[in-house]
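Colleague: Sequence:
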Amino acid sequence: MIDLEKTLYDLCLPLVSHPQNLSVKTMASTEDNEILLYVYADDDDVARLIGRKGVIATALRQMMSIAARDEHKRLSVKFESYE
396 MIDLEKTLYD LCLPLVSHPQ NLSVKTMAST EDNEILLYVY ADDDDVARLI GRKGVIATAL
456 RQMMSIAARD EHKRLSVKFE SYE
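According to the working numbering, the stretch in the sequence shown is residues 396 to 478, in order.
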């Protein structure tokens, strides 16, 4: 079984300029087959994680959805800033 929080954290870590403020949390979902992952970071780091036209966020979501397929679950990734 893959630790999805750690996997997403490890993917985001080299992309941020303030790694001490980066955290990934799993939130409860209303559906049994869905996993919600929230990425919390500084405001400028969230912009960097989303990227221009959402290119980096889309790539992160695609990689994580492939990892979640082993568990036969749908995965949603949300980006939030501390500010």
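No lab work stands behind these hints: they were computed from the structure. All residues carry an ideal CB built from backbone N, CA and C; glycine is no exception. Some clues are possibly wrong.
To be verified - Listed below are the simulated DSS-like cross-link pairs for lysine-lysine, each with C-alpha atoms no more than 30 Å apart in a straight line:
| # | residue 1 | residue 2 |
| --- | --- | --- |
| 1 | 420 | 473 |
| 2 | 401 | 448 |
| 3 | 468 | 420 |
| 4 | 448 | 473 |
| 5 | 448 | 468 |
Said to hold, decoys possible - FRET-style restraints, in silico, Cβ to Cβ:
| # | residue 1 | residue 2 | range |
| --- | --- | --- | --- |
| 6 | 447 | 467 | 15 to 25 Å |
| 7 | 425 | 460 | 14 to 24 Å |
| 8 | 475 | 448 | 27 to 37 Å |
Colleague: Run every hint past the structure and note whether it holds.
Modeller: Checked hints:
no.	hint	result
1	420 <-> 473	holds (10 Å)
2	401 <-> 448	holds (26 Å)
3	468 <-> 420	holds (17 Å)
4	448 <-> 473	holds (15 Å)
5	448 <-> 468	holds (26 Å)
6	447 <-> 467: 15 to 25 Å	violated (33 Å)
7	425 <-> 460: 14 to 24 Å	holds (19 Å)
8	475 <-> 448: 27 to 37 Å	violated (20 Å)
When each numbered hint is compared with the structure, violations occur for hints 6, 8.
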